[in-house]
Amino acid sequence: MKNHHLIHLYNRVGFGILPKEVQKLNKLSTEENVKLLFKKSKKRKSIKVDVSSIEKVGLSIEDKNERRKLQQKENRRLLNKLNVKWFDQLYTSETLLHDKMRLFWANHFVCSSNSTIQTIEYLSVIEKHALGNFKDFVVAISKNPMMIRYLNNQQNKKKHPNENYARELMELFTLGVGNYTEKDIKESARAFTGWFSSKNGFTFKSKFHDFESKTFLGKTGDFDGTDIINIILEQEQCSLFISEKIYKEFVNPKPNQKHIKKMAKVFRKNYEIADLMKFVLTADWFYDDENIGVKIKSPVELLVSIHNVIPYEFKRERYFQYLQFNLGQKLLYPPNVAGWPGDKQWIDANTIMLRLKLASSIAQQKQIELEPESAFEDDFETINKRKKNKAYFIFTTLDWQAFDYKTIGTKNKDWQDALLGTKLNKQTQEIINPLINNSTKDFCIAIMSIPEYQMC
Amino acid sequence: MKRRDFIINSSLASGMLFVPSFLQAFEKIPKNKLGHKKLVVIQLSGGNDGLNTVIPYNNDIYYRKRPKLAIPKKELLRLNGDVGLPNYMSPLKNLYDKGYVSIINNVGYPNPVRSHFRSADIWQTATDANEYKSTGWIGNYIDAYKLESHMAIDVDNKLSLALKGKDKSGIAAFDPKLLHRNASDPFLKKIANKHHLDEHLNEENLGYLYKQMIQAESSATYIHEKSKTYKSNTKYNSNSFEKQLATTATYINSHLETKVYYVSMGGFDTHVSQPYKHKRLMSVLSNGLENFVNDLKQNDTFKDTLIMVFSEFGRRVEENAGMGTDHGAANNLFVLTENLKKPGIYNNTPNLANLDNNGDIKYEVDFRQVYSTVLEKWLEADPKKILGKSFENLNFI
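Chains as they are written, first to last, in numbering that gives the first Met the number 0: chain Y, 0 to 455; chain Z, 0 to 396.
Since the hints were derived computationally from the structure, they do not count as laboratory data.
Using N, Cα and C, we set each Cβ at its ideal position, and we do this for glycine too.
The reader is advised that the hints may include incorrect statements.
Think about it this way: if two alpha-carbon atoms lie no more than 30 angstroms apart in a straight line, the pair counts; the simulated DSSO-like pairs of lysine-lysine are [unchecked claim]:
1) Z:K234 with Y:K365
2) Z:K157 with Y:K68
3) Y:K84 with Y:K440
4) Z:K92 with Z:K302
5) Z:K296 with Y:K386
6) Z:K234 with Y:K384
7) Z:K383 with Z:K165
8) Z:K225 with Y:K365
9) Z:K225 with Z:K189
10) Y:K198 with Y:K63
11) Y:K386 with Z:K165
12) Z:K145 with Y:K343
13) Z:K278 with Y:K72
14) Z:K388 with Y:K182
15) Y:K365 with Z:K188
16) Z:K296 with Z:K97
17) Y:K365 with Y:K387
18) Y:K356 with Y:K343
Footprint (simulated), chain Y over chain Z, 3 or more residues, beta carbon under 8 angstroms [to be verified]:
19) 35–42
20) 169–175
21) 207–217
22) 272–286
The whole structure should be built from the sequences, with the hints applied where relevant.
In structure tokens:
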């Protein structure tokens, strides 16, 4: 496999690749490399934290409200821990394809909660189905307690339907806007009545379910939620909608309808996500020049790809949370049900400055000023104190030993190729050339500081 | 109507939406066409209790529903025969007495959302309650008129959604010196200079990154160079909110060409211990506003500055059991400037006898009517182009 194709593959189904790995894997063919990614992804790991402390918090406190407040605080702490756990998993990942799919689906079936227990449950659904069957996935998500609460299906009752879930199911999860009518939303909402969340998870409350006949996308029957999902997946549009989203994420933010139609045809056969991904990653056009280096890295991709080169650790977890917040993507805290729009929306005058200085600031342990994150619930004094405490250093500890080990038997040029994936234009190359004899460490920091490194 | 006429009219109505991007450069609006007026938006985060800010002291329902939290008549500074401010808001009362304040009641939107995040997003993106957008109304303004980033400044370290546009955005500038230092890294400058007008700038995403980088550098330099010599005579208090206002005043009094400033103040989610917390918040807010207005007045810039103070929602009329109030719906909104068309209480005070199913105040004025008014009458911009549809303007300026 050609080096730059291999690098491209690992940029999209991973967080970049290092020179040594390139030297090893370029001996395999494209098919063999893709197969290897699938094989490795079978040993997937769950993202979870110990939640036993929530129950124990405030046991001695009489006042119910006070206790709840303490539990909320504990939940916030645990969710931040869970967020860090997710990153740790990405830093050390052996299951790159699965990890990338998990990130993708968590930004597709978007959901959030301040309950750690529900969040872990939700993540396990994403984990289980990330490379599984899409139909099973949609059913499982529709029955997920966190989703039921997030999109108000708990309030969806016979004669008083709440349309929120039915609407987002079609608009954001399966068909896309304009491919159904308002009537279809009303009718399908009735089919999901009584799909509730209880203490023990999903529960069907027949008392609140509407058993009457519904007419949905041209079909009539006493449908329930699963029937609705089946009808949705019969629509060609569903396979096109998901294929386009996969294409924009993994191939090119600018959709190519010819390729997307081919993907949809493969996907429609049985809605196996792994089949779709295998088709994409082995397609000739996936490796076309026009698809290489054209995507703007998400903040998560940027943080993990820097970590792959120079393993860093934040001495204070809170600063790492602030950093994610300032970069515009804090895992587990999506902006709304539509998720992070991504691509150009990651970039503004402030985030571009932060992103360009990130690698050098981390590597040289320089100071970066970050806006402290405040919750709506925080009171003025807390926010005031945090804001006044102005200098927010990025306190990191760095593992240079690990870095040195990675550089054995490599040349600076190899690092440039691996880290950038594409050829630089003449002018930028002229700036880089004088640095080629510097230490690999300095050279890598320079490479990670140019705008091209923001792309993948 | 002839088909040709129809095409011409509809393309006019849709503005620049259908102009191909390579032609849009010709539409660049000369800056002097945008007028010389400034807008300062102040967001109170957490949901300010508007009912304990502007108190309907003749309303029995208010006192009945808030046995513990209601502000007694004798502790009020009366604004007219119906409403008053709590006595710890005397700085704002001073401004009110000079005719600098207009209070618009019952501002909100249909199907109000009581989640902080969602409702704040709705206000910032100027959308309907069930619509999700990733660009803000001020960002749309920057985009629509192809303005440089520094034409809208978020006085913060991180850019709010409100100032994010699709192709162009505002810039967050809390500390101009630091911003300038961050933006003018010699290595990056070298790369940016080499690339100026290079073929890379035409490449889709990478070109966009380069443009943003160059824009960040030039805006940061502009803000720093233009504001670094100014020294204010006004003494501000040392809290973070007044720091933001002092910086905003510095920018305005240094005559930056910036059109919009965005300032936020947090801590308004008063579910518990409201009396103490709200008193502190209102003192900080009204002291800050008075200092800010005085600072501008001394430099003769207040007459060209409009301040708008809003919160993502108001709070429930009935107090809760924890000496606090829960998330509500419609709320009052303050506008301040020297020459208001209608100073004082702009419209009806809330009808507490006719609340919604949650026991919250119903909206009468859509917040986008306020935006539309400000955009058209103050910033001389086309509100439809920015908000996506038309809203009936109000009459306060």
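Query raised in the report: Which of the listed hints are broken here?
Result: Hint check: 1 and 19 fail, others pass.
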